[in-house]
Amino acid sequence: MSAFLRKRLLEVIPVLIGITLVAFAIVHLVPGDPAQILLGPRARPAAVADLQAQLGLDRSLPAQYWAFVSGAVTFSFGQSFQFRQPVADVIGPRILPSAFLIVYSLVVALTIAVPLAILSARRRDGWPDQLVRLFTTTTFAMPSFWLGLLLTLVFGLQLGWLPTSGYGDTPLEHFRSLTLPAITVGLWIAAPLLRSLRTNLIDTFDAEFTEAARARGLGELRVLFKHVLRNSLISTVTLMSLLIGVLLSGTVVVESVFSLPGLGSLLVRAVTARDFPVVQTLTLLFGFTVVFVSLATDLLYAVIDPRVRL
Amino acid sequence: MAAAAAAAVLAACGGGTSAGGDTTAASGKAVDTAPASTGGTLRLARSLEPVTLNPFTCACENGSWQTMVQLFDTLVEFMPGTSDPVPGLAESWKVSSDKKTFTFHLRDASFSDGSPVTAADVKYALDRVNNPKHPYYVLYGMMKSVTTPDARTVVVRLREPTIGFLWYVGHPAASIVPKAAIERMGDEAFGRRPIGSGAFTLKRWVKGQVVELARNPHYWRKGQPYLDSVEMLYTPNDNTRTLDLLSGNVDAVDAVAFSQVDQVDHSGDARVLFQLSSGMYNVWFNERYASLAETGVRQALNYATPLEQIRRVVFGDRADVANSSLPKLKDWSEGVEPYTYDLDKARALMARSSMPDGFDLTIDFASGDETSKQVAQILQDEWSKIGVNVKLRQYDFGTLYTRVGRFDYEAFMLPPDVYTSDLPILDQFAQFLFNDPDVLHNAWTWYDNEEAARLTEQAVHASDEAEQTRLYGELQQVTLDDPPSVPLVFPPFRAAARSDVKGFQYVQTGWWRLEQVSLER
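Chain order of the listed sequences is S and P.
Sequential numbering of the first sequence, starting at 1, is according to the numbering used here.
Sequential numbering of the second sequence, starting at 1001, is according to the numbering used here.
If you're looking for bench data, these hints aren't it; they were derived computationally from the structure.
Mixed in with the good hints there might be a few duds.
[To be verified] Estimated spans, in silico, between C-beta atoms of each pair:
(1) D89(S) <-> R1159(P): 41 to 47 Å
(2) S249(S) <-> K1391(P): 46 to 52 Å
(3) D1396(P) <-> E220(S): 53 to 59 Å
(4) A53(S) <-> M1355(P): 42 to 48 Å
(5) T1041(P) <-> M142(S): 33 to 39 Å
(6) S1259(P) <-> V15(S): 56 to 62 Å
(7) G245(S) <-> G1114(P): 50 to 56 Å
(8) Q1309(P) <-> T238(S): 54 to 60 Å
Idealized CB from N, CA, C, for every residue including glycine.
Okay, chain S solo, but in the shape it has when bound:
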């Protein structure tokens, strides 16, 4: 393995440790006692104390942290306070809907961003460019829950084309149910992607090698796909890997609005109920995902750009 890769992998380790510390600390610093919340406000203190002991909350903070980390290393994340099930069993079935939503959102975002960026770059400062700029500013400024509800109102209620909430039972139903949520998140992500790609395309359109390619008599489409796009992708891929964190947090709101059984809506419930094991594990999972997407992006550069040697 190359030195570069080895170095990157070693760097990941302290980051992961830092993530476990943050995941643990954040949820414990927030006021609110899980046992009290689970039993409800009318519970007797004796019952609350009992439950606290049961959940292991009477141990010292370092002891609880150690239990969490040592368990996580062996993929044993403890028991969910609210569901009384192993955390892995609670999180497991929700990974697929969230992953489906994220991929679908990215596809929607790219489908919107790439053609519009090309159009904008080609007719730079023309009316198509201005229109696209207006469009992206508007959709980026809209709060996602508001946009989601608006889309549901129009396409779900008034036109009746798509379901208003839920996830469905068959893959086809999943696809239909996730369309409005994916458009909600996709429209939001498309804006920065579009802007970045447009800028890169303009630079590349103006570059000498593009002129050279045209001079050699290559058709416009071939120039576009083989030369221009490939060279413009690097910054955009970087941006996408940075946006993965934003995407994950975007799903939290969207899943709650559309009642999707994914990781985002689970995180909301777990935080509300102070379900420490679930919140900690989800934070860990999200953190790891961002770290590894970042690593994968570095590897992707080698594929896109022959100048990069691993």
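Fit chain P to the known structure of chain S by using the hints.
Leaving out everything else, chain P in the frame of chain S:
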């Protein structure tokens, strides 16, 4: 005696006494005389989710009760629109004249696994709730002994005369389960695959998503349930539930936000059903906060509250002004006058108090609770006129509950659907609010009124119903004269259903009897 049983049977026919007077015509009290069509699946989007389906690992919240009522039965049951119990698994009962011995005669019924419901199963359930660690021990701890002279008879002896016991056994915490099955399976497994004698069985439960119920072919109410199955979808977002209902994605929803009632009613596809809840909607005071310790100050705040305006602006005339720090349940007294809006009286009371120039007051409430935000802003405006400067603070539920539980607040408000009594009688909340000084300090208010405590004790153990009604009336007056809170309105539950759904209505305590629902398609 036999008279009690006869009265109960009459109540079942929809003619029982009711303190649950509704404010609109759509009360659910009228019984559909046309025969209901059978079949179909009811899709219900609701704001809550069950935590457990085992009555004895009490999570003690409505999400679980709402589901358990469909799966299990209790000795007596409550129907929408009335507060008196009707026969459940007990087809008749006798109450001794000293109100200490209750004899229940069980009907011929079986659990969904085919085994018969016997007195041994009832004894098992009652013995389990008679546990000092149980949150409802204040009710069930009254039981001294439960005996089963034969397989169809259960005799319960109480420590003290308690008329309300007949109501206590109607709560899903005392659901009857098959003793053999639960002992064999254990609590955890039973909570995931419960067996009961109720109208439905559990077909599928995906936590955080859906609870699917199927008709119980062994159900003892012949002809019911009308539905083949029910899908209860967990949809916590208010707007999403309404959109689901209007688009036809679901057939019924619970907890319609007040601001969306008109939208649903004017849609033409669905209508909102109101039912007086067993809840309170008040501003609660912490009397450990020095400024609120004096009765005169708390009275002043009541006089400075424009109840009519709040009722009209916030609830759109759909709730009645509250004349009590207790919910409007059986034995509610019409004769107690609510506070009038009288700034002069308020100022006079403040002038006579130890703080004539007023004081600062912080009201805590839950984030997302738009109703309380609206009300609190009105109060901020009004109470400033008597020198009380109100600051508003919003917390998420968990933090709010923790702060209140630690008495770390000055005044708090809960959303209108949350502070509900589990029984349609006053016993539970009267005890909790006025006669529980040691551990929870009278519902965290540190209210100290010996007469209220004495009246509560006497009322719960009254020797006959007339005396109980009289004592509760006095209690209502006493606790309004020396108020632990500012009572605002008696909040209604709001359910909504599409036009082809019949029989869907809230019971006063916050759940539904889905065996009465039919789909007219």
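Structure-inconsistent hints, enumerated in ascending order
Numbers 2 and 6 - these are the hints that the structure violates, sorted from lowest upward.
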